[in-house]
Structures are given as C-alpha cells and as structure tokens.
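Top line first, the protein sequences correspond to chains A and B. Going by the numbering used here, the first sequence opens with residue 1, and the numbers climb by one from there. Going by the numbering used here, the second sequence opens with residue 1, and the numbers climb by one from there.
FYI, nobody ran anything at the bench for these hints, they're computed from the structure. Bear in mind the structure is a predicted one, so any value in this text is a computation, not a measurement. There could be a bad hint or two in this list.
Derived lysine to aspartate or glutamate pairs resembling EDC-like cross-links, with alpha carbons at most 20 Å apart [as the list claims (entries may be wrong)]:
#1 A:K31 - B:E77
#2 B:K59 - B:E153
#3 A:K311 - B:E228
#4 B:K22 - B:D60
#5 A:K311 - B:E237
Selected chain B positions facing chain A (Cβ under 7 Å, derived; list incomplete) [claimed, not checked]:
#6 F29
#7 S168
#8 Y173
#9 K244
#10 E248
#11 K304
#12 R315
#13 H334
#14 A338
#15 H430
Take a look, some chain B residues computed to stay more than 10 Å from chain A by CB distance [stated by the list, open to error]:
#16 D28
#17 F170
#18 N346
#19 D448
#20 G526
Beta carbons are placed, not taken as given, at the ideal position from N, Cα and C, and that holds for glycine.
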Amino acid sequence: MIGTFFGVVIPYIAVAIFIVGVIYRILEWSKSAVPLKIPTTCGQAYSLPFVRRTIYDHLESPYTKWETVLRMILEIFLFRSLLRNTRYYIDRHVTRDARWLWLFAIVFHYSLLLVIIRHSRFFLDPVPWVVETLSDVEAFKGVFIPSVYISGLAIVAALILLWLRRLVLARERTISLPSDHFALALLLAITISGNLMRYFFKANLDLVKGLLANLMTFNVVKASIIAEQIEPIFYVHFFLASFLLAYFPFSKLMHAGGIFFSPTRNMPNNNRAEIHINPWNPPYKGITWEEYYQMYKDQLDEIAEQGYKVKPEL
Amino acid sequence: MVEPMEEVKIEQRFPSWRQMLKPITEKDFKPGYYHYSARVKDMEDLDLPFAREWNPLDKDWKLPPNWKEIFLNKMKEYLEKYRTFKLFMDICVRCGACADKCHYYLGTGDPKNMPVARAELIRSIYRRYFTPAGKLFGEWAGARDLTEDVIKELYYYAYQCSLCRRCSVFCPYGIDTAEVTWIIRSLLAEIGIVHRFSLISIASSARTGNHLGLLPGGVAGALQSAAEDVAEVTGIEIEVPVNKKGAEILFVAPSGDYFATPHWFVTMGYLMLFHEIGLDYTWSTYASEGGNFGTFISYELAQKLNAKIYQEAERLGVKWILGGECGHMWRDKHQFMATMNKPPKNLEDPINPITGTYFENAAETKMVHIAEFVADLIAHNKLKLDPSRNDHWKVTFHDSCNPSRAMGLLEEPRYVIKKVCNYFYEMPEHTIREKTYCCGSGAGNLADEVMDLRMRGGMPRAMAIKYVHERYGVNFLCTICAIDKAAFPHLLEYWKLPVEVGGMMELVGNALIMKGEKERTTDLRGNPLPGRGEE
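Turn these sequences into a full structure, and let the hints guide you.
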C-alpha cells in the first residue's frame with residue numbers, strides 16, 4: 001500500500017499540479033498587458049555611424065530582434081546580469097567586482113541540468129547515447145571506481161554555499177524569508193538523499209526503471225505491483241522530488257519561467273525607431289492650444305506682434 | 001574661515017525578516033526623509049481623487065472610508081495592466097544582488113531602502129491578497145495585512161527611490177524597481193496620497209506648459225535675457241524664434257534651462273549653436289517643457305504632459321523635434337511619449353539640415369537628442385571649435401540615470417566633450433555608463449524637505465567625484481540632466497568638493513568659434529579665460 005501511495009498516487013498528483021500550475025502561471029503572465037517598451041540599456045545604443053559599438057553594446061543594448069534574442073540567451077545560459085555583480089565597500093567607498101554569487105548560482109543550475117539529464121535514463125529506454133556519454137564524461141569514467149558523478153556532489157556544495165550566504169551574511173539574512181530557506185532546504189534534502197542512495201544505501205535500479213516506465217505509460221496496476229517491491233530509501237528521495245514539483249508553481253522557483261517574460265530584458269532598445277502600442281492607452285485629457293491661447297491671449301499676441309521672435313535689448 | 005567638518009555616520013541595521021514585515025509609522029518618519037503632502041489646489045487642478053489637507057506626521061491621514069477596497073481593487077487592475085508589476089511580484093528570489101546597488105541604501109543604511117526590500121513592501125501585500133500561499137500561511141509566507149501603517153510605510157519609502165534603475169542592471173531577472181515604485185506611487189495616488197513637490201510642477205505644466213509655471217511672456221523674456229548674455233560674451237546679437245509657424249524644427253528644453261544656474265549657460269549654448277549653423281527652428285511657449293514630472297507619479301499624468309509636444313509640433317507644422325539636456329525627459333521621450341500619444345502626420349524624417357544625416361534611430365518618434373545632433377555636426381566638421389577656451393576646466397562626465405539606462409546614450413556626449421575640451425577624465429568604471437550613480441535627487445526627490453536623503457543618496461556619486469578631483473584635479477562636472485544641475489551644487493558643497501557643475505552645451509558654447517564674434521575674454525559664466533585679455 002505504502003509503495004503504491006508514494007510510488008504511484010503522489011507522483012501523479014505532483015506532476016499534474018506541476019504541469020497545470022506552470023501553464024496557469026505562464027498564461028497569467030501573458031494575460032497582463034505590456035503598456036510600455038522599457039528595456040534596461042546596459043551599453044551604447046544603436047546611433048550614428050561614427051559612434052562605435054562593441055560586441056557588448058550590441059548584446060546589452062540590443063536594437064534588432066536578433067540582438068535581443070542573443071541578450072536573452074546570455075541572461076538565461078550565462079546569468080549575464082549576475083556576472084556584472086559588484087560589492088560596495090562602505091568603509092573605503094570603493095566598488096569592486098563580486099562574482100561569488102554568480103559562481104555559486106551557475107554551479108548549482110548547471111549541476112541541476114546535468115543531474116536532470118542523467119535522471120532521464122530512468123525514463124528513456126534505450127538510454128540515448130548523449131546521456132550515456134555526458135554521464136561518462138562528468139564521472140571521469142574509469143578514474144574512480146565506482147564512478148563518482150561530479151554534478152551530484154557539486155550541486156550539494158553549491159546549495160550549501162548558497163544557504164550559508166543567507167545564514168551568515170547579515171544583509172542576506174535580513175532579506176531572506178522562510179520560503180527562501182525552505183526552497184534551499186528542500187533541494188538539499190533531495191540532492192543529499194539522492195547521493196546517499198547512489199553511493200551507500202542502494203535501491204534496485206531495475207525496479208525503479210520499471211516503475212517509471214509503467215507510470216509513464218499509465219500502466220497503473222503494473223506500476224503499483226513494482227512500487228511495493230522498492231526499498232524505502234528510494235521513496236524518501238522520490239517523495240521529496242514529487243513535493244518539489246508540486247511546490248514549484250506556487251513559489252519563487254517560477255523565476256525559471258519568468259525570466260523569459262521580463263520586459264526590461266526581452267525588448268529591443270529601438271524605442272524611437274519602432275513605436276510600441278499600449279493596448280489600454282487612455283485618451284488625452286488636458287488643455288488644448290485654444291484653451292491655452294484664451295488664458296494667455298495678451299502675452300501670446302505680444303509674441304506674435306514681435307514677429308514670433310525675441311531680440312536682445314542692449 | 002574653515003568650517004568644522006561634521007562626520008556623517010552611516011548606521012547599518014540588519015533586522016530579522018519578521019521585523020522587516022512590520023510597518024513603520026508616522027512616528028518613525030525622520031525629518032529630511034519624508035515628503036510633504038500635495039496641495040489641495042494641485043490635486044483638484046489635476047482631477048486627482050480625495051483632495052484634502054493632510055500631514056504625513058499626523059496619525060490620521062484622512063483616508064477615504066473605503067480606502068482599502070479601492071487600493072486592492074486598483075492593485076488587481078494594475079496587475080492586469082502591467083506585466084512588469086505581476087511578474088516582478090512573482091519572480092524575485094531575494095538573492096540580494098540589488099541590495100548595495102542602491103545609492104539610497106548605501107547612503108542611509110536603512111534596510112528598507114534595499115531595492116529588494118522596497119519591492120517587498122508591496123510584495124507582502126500582493127502575497128496576502130493575491131496568492132494562495134500568502135492567504136494560507138500569512139506571515140510565514142512573507143505576507144502581511146494591508147493596514148493604514150502599511151500605507152504610511154509605502155508612502156515613506158516609495159518617495160525614497162529616484163527611479164534610477166541602477167538595480168535593474170544587476171538583477172538577474174531584470175526586475176526594475178522603477179516600475180515597482182511607480183506603481184506604488186500610482187496606487188497611493190488612487191487613495192489621495194501624493195507628495196507635494198512633483199504635483200506642484202505637474203499642475204503648473206498641465207496649465208502653462210512648463211513645470212516652473214512660466215507664462216508665455218516669461219519664456220520669451222528668459223530667452224531674450226539669454227540672448228543678451230550671449231551678446232555680452234560674443235558681441236553677436238541673436239534673434240530667438242518663439243512660437244514660429246513653419247519652422248523646420250521644434251526645440252524643447254527642460255524648463256530649468258530658462259533661468260536656473262548653471263542651466264542658464266546651457267541655454268546660452270543652445271542659442272549660440274543654433275544661430276551659428278543657421279538652423280530654422282523655434283521654441284514654443286505651449287510646449288515649453290521637455291521634462292515630465294508626471295512620469296514620477298502615474299501613466300496618466302505622464303501622458304497629460306508629454307502630449308503637448310506632439311500637439312505643438314502639429315500646430316506649428318514642424319518637420320521634427322530636437323530635445324535639450326535633461327535626464328528623465330529622455331526616459332519619457334525615448335520610451336514613453338510616442339506610445340502614450342500618437343505622433344502627428346505632418347512630421348517628417350528627422351534629417352539634420354546641415355549635414356544631411358538621417359537619424360534612423362529616431363525614425364518614428366521624430367525626436368532627436370541634442371547630444372546626437374551636436375555629435376553629428378562635429379563629426380561632419382560643421383563647427384569651428386577652440387577647445388582651449390575650456391582649458392580652465394578639468395572635466396569629468398556624469399552619466400545621468402535615464403539617458404544611460406533607458407536610452408543607451410553613452411558615447412555621444414563623450415564624443416562632444418572630448419572635441420570641445422582638452423582635459424577630460426572618467427570617474428571609476430563602476431560609477432559610470434550603465435552603472436552610473438544617481439545624483440540622489442531624481443524623480444521628485446529634488447524637494448527641499450528631503451535634503452538629508454538627497455545628500456546621503458548622492459554619497460556614492462560624490463565619492464567618485466572626490467576620487468577624480470583628488471587624482472586629476474577635476475574641477476568641472478559635466479552632466480546632461482537639468483535635475484543634476486540643480487542637485488549637484490548642493491551635493492558637492494555638502495561633501496566639500498570644490499567642483500563646478502555645468503552642461504555639455506555650456507562647454508560647446510565656450511569652444512564654438514562664431515562668425516563675427518569679438519575676441520572672447522571670458523567664458524559663458526564670465527570667468528576670465530586664461531591667457532586672454534585681462535586676468
């Protein structure tokens with residue numbers, strides 16, 4: 001029973017919440033209007049022919065659609081803006097580059113990507129060669145026995161460092177909400193349990209693979225039978241991961257989808273060349289020239305009498 | 001007499017997340033940091049709701065009885081109207097990359113001035129009323145109830161942000177605090193809470209065409225005086241076109257340029273340049289304001305003010321529009337104006353009549369920045385320049401927030417300055433270009449009652465100026481923003497830096513060799529030129 005609950009019922013619910021939730025959130029964002037084109041320009045704009053623009057200017061103050069796409073790619077794959085990070089030393093009043101946060105973040109996210117790619121072996125049969133090769137390379141297969149996946153350890157290290165930032169640094173502690181700690185704790189629990197299962201308390205991987213194959217083909221009965229035979233350690237990991245999926249759409253983890261929508265990054269800086277249309281632009285309410293003229297008739301007529309110009313009186 | 005120096009202490013505090021959720025009230029408002037309330041007359045002139053006398057230091061702010069309902073309904077409406085608002089409420093992970101990027105946070109040490117914390121002020125309300133987690137878990141999900149104290153806190157901190165967007169450069173998701181602050185200010189305006197400073201100017205501008213409330217005769221008179229000052233320095237008597245129909249170009253400058261100092265010398269620079277190249281242009285009294293304080297409060301007010309420029313361009317039948325030196329004006333003109341108001345049909349391609357250059361980047365809005373225009377003239381050798389007339393200045397350039405982070409206008413002013421000055425030095429790299437620091441007085445914070453906030457907010461910029469002053473002997477801060485020109489003289493005095501402030505066009509005016517001019521013995525300010533005439 002317990003196996004069926006944690007191996008079949010919970011994951012189905014979690015995945016359903018995840019898919020529906022993420023789609024709902026994305027639809028909600030797309031429903032909101034974008035009244036103004038407000039890119040944050042981080043480089044020289046497209047301008048006169050003799051104004052030199054470096055490659056960075058093209059990427060950070062994009063004028064065309066393709067430059068904007070490249071900017072987004074840099075943001076998403078390289079965390080470009082975070083790479084710019086600096087630190088202000090209040091005692092000396094100097095600013096220096098500070099790239100630790102970028103480093104921790106990039107290690108975490110790329111490790112997560114690798115871990116997810118490696119986990120696809122549980123869902124895919126046959127395992128694609130890309131997944132095999134990638135796993136072999138990152139494990140330096142043949143160097144350590146059994147092979148040690150670097151990404152699995154790096155992700156734990158990165159999460160600990162990211163959490164230490166929030167715990168140790170005064171400013172980061174002040175701005176951290178319980179949900180920030182919770183997300184890190186949850187990810188740590190998932191990654192640590194995964195590593196424990198990989199190296200110490202092994203679960204029967206054939207059964208796990210069988211379970212997931214049957215879940216994916218909605219073969220519920222067979223999945224339930226297999227689920228009852230898998231070791232409990234697997235369910236610790238599996239439940240936490242399911243929980244993460246269900247938690248995802250309600251949390252700040254949605255930043256993964258949100259970054260694509262950010263108007264300060266995904267809009268080109270061609271404001272004066274291509275006018276943006278606001279779908280709810282209200283009509284102008286204010287005085288007209290006629291009203292203005294009536295208010296200040298004398299003075300305006302005087303300017304007219306002078307031939308619409310003023311001359312210095314010396 | 002040497003004044004005794006008073007040490008400015010920046011007290012940093014790091015409260016717990018729970019304390020951060022607790023609103024501060026009017027009792028905690030510090031003098032020098034809170035803005036006065038808007039005048040009833042201005043509110044009524046602009047048809048803003050719930051005009052009344054109220055004082056931020058009173059316990060009772062005389063909110064309308066159903067203020068909470070209005071606020072939440074409007075919040076819902078804004079979430080649908082602004083994707084930025086909805087998205088930025090949802091995706092912040094509180095990584096803290098923005099925290100020490102805010103000049104107000106650096107200067108005051110107040111934790112709620114961190115951009116992330118400023119957004120959390122309203123985000124906590126968003127969670128409580130618009131998200132399931134906030135409704136269920138309350139405080140533990142970082143949510144809090146909307147109370148009058150929260151409104152007071154929103155007012156206090158929404159007006160301690162200068163919409164400079166420096167934090168948005170560093171945010172990995174591009175979260176723009178200027179959007180969040182703008183929306184908080186708009187929401188507060190819906191329940192009758194607006195600050196005094198901007199609204200006086202907005203009401204003036206809506207009526208007279210400029211923030212200062214100059215009537216047509218005043219604008220014309222100011223231009224006349226400027227022409228007189230030009231005649232004194234150069235010996236050339238310039239006729240200045242005003243409200244002239246059929247001119248090729250409509251020129252619009254921020255109204256500070258009509259009489260403030262050091263804006264005045266910039267105005268002289270405009271007149272000299274346009275005269276020298278024989279430009280067919282006109283000033284307008286109806287569209288006598290390039291700036292737009294409406295952009296500090298709400299979309300509707302911004303639209304009300306920038307509409308006049310296109311209306312006037314249509315009435316006068318000009319071909320295109322040239323804009324002067326101003327910061328937020330160019331956020332408005334570059335990013336807002338043409339979306340808020342349709343350009344009239346009579347406008348044509350913006351082509352420089354002197355050089356034939358087509359300003360392709362202004363193809364649709366038909367509005368060109370003076371720095372682009374002058375840089376183009378210089379690049380085509382259309383100006384005779386004597387940069388040695390600026391040799392008494394060792395110049396540094398302050399990128400104004402909006403031209404740099406909302407427009408990407410970085411090289412044009414530098415190009416011009418380097419051609420008209422022999423001594424130019426950059427401030428440290430983390431304080432210029434897109435990473436430039438605000439003067440501390442932008443977006444309505446030029447109000448005198450927030451002087452402490454302004455002087456502290458300008459601290460990082462002042463420290464950068466101090467660096468180049470001590471290292472290179474810089475004595476001239478060049479900026480292309482009218483608010484900078486008004487703010488920096490105070491700031492530099494406060495931080496004890498003997499550096500003058502001026503605009504790009506002043507330096508151009510100094511260097512410009514005009515046909516038929518007398519030998520210049522002074523610069524536009526009347527300072528004797530070294531090595532010429534009497535000293």
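Legend entry - In rising order, the numbers of the hints this structure does not comply with: 6, 10 and 17
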